[in-house]
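S.K.: Chain by chain, the residues:
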Amino acid sequence: MSQRTERRGIHVDQSDLLCKKGCGYYGNAAWQGLCSKCWREEYQRVRQKQIQDDWALAEKLQREEEAAYASSHGAQAQSHSQTAVPQLHPGHASLGAFSKFEEKKTNEKTRKVTTVKKFFSPSSRTPPKKDTQEGRTPSPSISRHASFETDQVSKEFVEFLKNLQKPGREIHKQCRAFIMNMSSKKELSADELSECVQDFYQNMADRLMSHFKGSSESVERVMDQVEKYIMTRLYKSVFCPESTDDERKDLATQKRIRALHWVTIQMLCVSMDEEIPEVSEDVVKAITDIIEMDSKRVPRDKLGCITRCSKHIFSAIRITRNEPASADDFLPALIYIVLKANPPRLQSNIQYITRFCNPSRLMTGEDGYYFTNLCCAVAFIEKLDAQSLNLSPEEFQRYMSGQASPRLHSSEGDWPQSGVTAANPVLAQLNHNLERLSLVSSRQQMLMEAAQSMQADLLSWPEGVQREVSGVLEKYPLQILPRTVSAMDANNADSDGPPPLLTAQVFAG
Amino acid sequence: MGEQLPSVPGRAQLHSDTLNRPVQTLRVKMVLLGSSGVGKSSLALRFVKNEFRSTSPTIGCAYLTRVVHLSNVSLRFEIWDTAGQEKFHSVTPLYYRGAHAVLLVYDISKRKTFVRAQLWLRELEKHYIPGSTVIWLVGNKEDLAQNRQVSVQEGERLASDRGLFFMETSALSGDQISELLLAVAHRVYECLGTQQGGLSEWEEYPFIDLHHRDTSNPFSSCCKVGP
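Which chain is which? The protein sequence lines are R and Y, in order.
Using the working numbering, read the first sequence as starting at 1 and increasing by one per residue.
Using the working numbering, read the second sequence as starting at 510 and increasing by one per residue.
To be clear, the hints were calculated from the coordinates, so they are not data collected in a lab.
Quantities reported herein were computed from a predicted structural model and do not represent experimental measurements.
Among the hints, erroneous ones may be present.
Claimed, not checked - Far from chain R, some chain Y residues (derived; all Cβ distances over 10 Å): (1) K538; (2) T591; (3) F597; (4) V600; (5) L603; (6) Q627; (7) E634; (8) V661; (9) E677.
Stated by the list, open to error - Quick list of in silico lysine-lysine cross-link-like pairs, PhoX-like style, CA-CA up to 25 Å: (10) R:K311 with R:K228; (11) Y:K596 with R:K340; (12) Y:K619 with R:K255; (13) R:K236 with Y:K596; (14) R:K228 with R:K166; (15) R:K249 with R:K340; (16) Y:K558 with R:K383; (17) Y:K558 with R:K249; (18) R:K296 with R:K236; (19) R:K162 with R:K249; (20) R:K311 with Y:K558.
Virtual Cβ for every residue (Gly too), placed ideally from N, Cα, C.
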């Protein structure tokens with residue numbers, strides 16, 4: 001609050017405000033001193049170039065990777081492909097295929113190219129691409145879904161305002177007018193948009209305050225509804241607007257987190273023991289919550305996701321340590337969760353919440369506390385260096401470049417199986433699953449063998465039967481006997497018909 | 510700073526009952542700064558529950574609240590614990606944005622923590638606007654006086670040089686804890702309570718459950734307050 005008034009108080013010379021390209025429009029510091037139009041052109045150009053560069057690099061890496069792979073592992077790959085279909089080669093071949101598969105995996109891991117390649121693979125670039133498309137020309141299904149959501153919210157809002165009677169109608173009118181007004185201000189920068197919304201909140205709150213005669217409780221309630229309604233409507237146009245570099249920051253953060261995939265829970269000194277089932281469950285829930293944030297539209301709902309995520313982290317620490325978690329434990333754990341989750345559009349979401357949430361909620365209150373922690377976590381991840389993980393700069397460099405991985409103690413591929421299993425629960429599970437798979441496949445083979453022998457049996461059975469039948473036929477040729485049947489009938493002739501009836505007998509006496 | 514309001518009578522004390530709660534409750538954001546291990550969380554727990562290690566099922570003590578009743582107003586302290594590890598030093602300014610009170614905690618038995626507190630103070634002075642934040646230098650672990658490495662005079666001198674308030678406490682024994690909280694409450698109210706936009710009012714119902722709030726408070730019906 002006080003900051004805002006300060007910002008307004010600053011006086012700047014008129015000429016400093018103009019666009020640096022000299023087009024005569026006003027420029028903006030957030031656009032490096034350009035006006036919105038020039039900035040958009042500049043931004044598009046840079047972005048296009050960046051995308052092309054990335055593609056070229058990705059393709060180059062892909063080619064190198066393939067070449068390297070073909071030369072050093074050609075023979076192996078061939079044998080692998082031969083044994084890849086176990087059904088065709090009954091026997092122990094399928095087990096062989098699995099061990100080969102593991103071997104191949106190991107090789108890939110030691111060669112390290114994969115990690116680098118991953119960052120440039122097309123899949124990493126498709127989501128943001130889709131986003132921009134969504135921003136400009138939303139696909140029909142998305143817009144339909146969105147409009148359903150907004151309709152729902154509008155309905156709820158009207159329902160809510162009905163309780164307020166006359167002032168309710170006034171609020172509704174104002175909100176609608178404001179949304180209309182905002183939709184005509186597409187040229188404004190994100191900060192200006194934020195200021196508009198914040199001013200609107202402020203005015204609305206002031207008016208409500210005088211209306212409710214100082215009952216801030218009622219004001220809050222109405223303001224929450226107003227925020228929900230307005231932000232659901234405005235979400236599309238003000239979330240990650242093109243005028244800002246939010247998207248670029250999103251990508252940078254995403255890339256950064258991917259590059260830090262090797263950071264372990266021990267390096268961050270997090271006191272969570274994922275071996276405990278409840279803890280790992282909480283970790284999964286926390287990750288789900290933080291990822292879910294992106295799907296919410298109202299700043300408050302986004303905050304709610306952060307709070308829920310934080311609660312799960314607290315619970316995980318509490319279970320591990322058996323005492324309430326302090327901030328010393330919490331922040332590293334949150335950083336770990338963010339690294340593990342790599343939440344989509346993290347920077348955009350943070351910016352969006354900062355710009356359009358009620359400011360008092362961000363500075364104070366429980367939600368504000370967790371949000372601040374998230375901001376700290378992101379800031380820390382951006383600045384993270386060797387020292388903050390207690391590593392030597394060389395080690396850090398090697399991990400970052402993918403030349404080594406902290407999970408493997410030697411950089412060669414000959415680590416003992418048990419060591420890996422101990423180091424990484426996921427690998428342990430993988431091995432376990434592989435064992436099970438090989439068991440299943442050996443059973444399947446047995447089944448196949450049995451089926452085949454049964455098939456052979458079935459094929460030979462009619463022959464056998466036929467042979468037998470013809471043998472019997474030969475042994476006992478068909479002969480027609482004289483009417484033995486009628487003779488039998490003749491023998492039984494006297495027993496024909498029902499037995500005689502019992503007749504009543506009268507005894508004298 | 511303090512001229513808006515005469516000093517609040519010293520007879521006010523901490524209550525834990527909310528029966529005779531005054532009408533107005535103001536929100537105070539209080540941030541705990543200090544190296545890890547100086548007892549920030551223990552202090553926070555003491556403020557809230559008056560016990561050293563919590564046995565109740567609180568899952569965390571990073572964000573805690575405590576209402577302090579003064580004679581004519583209630584202050585709802587929102588206590589923000591911060592991560593004290595050195596590696597997080599660069600991100601801590603985010604925490605004390607908009608704070609009304611900052612407790613700069615050090616361990617009297619570890620000189621290093623006192624030196625670090627001064628580093629923090631330098632950082633803090635870059636960001637804070639005079640008159641908007643009350644800073645308190647707190648020497649914790651007073652119970653370890655036999656291993657004392659930082660004398661009371663040193664603490665007092667630093668505080669008076671930099672315009673801070675000073676107190677030594679023990680989260681272990683609970684010594685001086687409620688006195689500290691009360692002193693902070695008075696000072697915050699004196700400095701900020703009557704300023705325009707200094708402290709915002711706190712309402713009973715929100716900030717707990719975002720999703721089921723409609724049923725949360727029977728008093729928050731808005732139809733009652735029509736024109």
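S.K.: With the threshold set at 25 Å, check whether the alpha-carbon distance from K236 of chain R to K596 of chain Y stays at or below it.
M.R.: Outside the cut-off at roughly 38 Å; violated.
S.K.: Can you confirm whether the C-alpha distance between K558 of chain Y and K249 of chain R stays at or below 25 Å?
M.R.: violated, 42 Å
S.K.: Minimum C-beta separation from K538 of chain Y to chain R exceeding 10 Å: can you confirm that?
M.R.: Given that some Cβ of chain R is not farther than 10 Å from that of K538 of chain Y, nearest at about 5 Å, it is violated.
S.K.: Looking at E677 of chain Y again, its CB stays over 10 Å from all of chain R?
M.R.: holds, 21 Å
S.K.: Hint check: K162 of chain R vs K249 of chain R, CA-CA at most 25 Å. Holds or violated?
M.R.: Violated, because 42 Å separates the two Cα atoms, which is more than 25 Å.
S.K.: Is K296 of chain R close enough to K236 of chain R, meaning Cα to Cα at most 25 Å?
M.R.: The hint holds at about 12 Å.
S.K.: With 10 Å as the threshold, tell me whether Q627 of chain Y passes as away from chain R on beta-carbon distances.
M.R.: Given that every Cβ of chain R is farther than 10 Å from that of Q627 of chain Y, nearest at about 20 Å, it holds.
S.K.: Below or equal to 25 Å on CA atoms is what counts here, so check K249 of chain R against K340 of chain R.
M.R.: holds, 18 Å
S.K.: Measure nothing beyond the straight line between the CA atoms of K228 of chain R and K166 of chain R; if it is 25 Å or shorter, mark the hint as holding.
M.R.: holds, 20 Å
S.K.: Take the C-alpha atoms of K311 of chain R and K558 of chain Y, compute the straight-line distance between them, and say whether it is at most 25 Å.
M.R.: holds, 20 Å
S.K.: Would the hint linking K596 of chain Y and K340 of chain R be met if the CA-CA limit is 25 Å?
M.R.: Given pair K596 of chain Y, K340 of chain R holds - Cα atoms ~20 Å apart, limit 25 Å.
S.K.: Taking C-beta pairs only, is F597 of chain Y more than 10 Å away from all of chain R?
M.R.: violated, 6 Å
Hints 1, 2, 3, 4, 5, 12, 13, 16, 17, 19, counting from the list given before, are not met by this structure.
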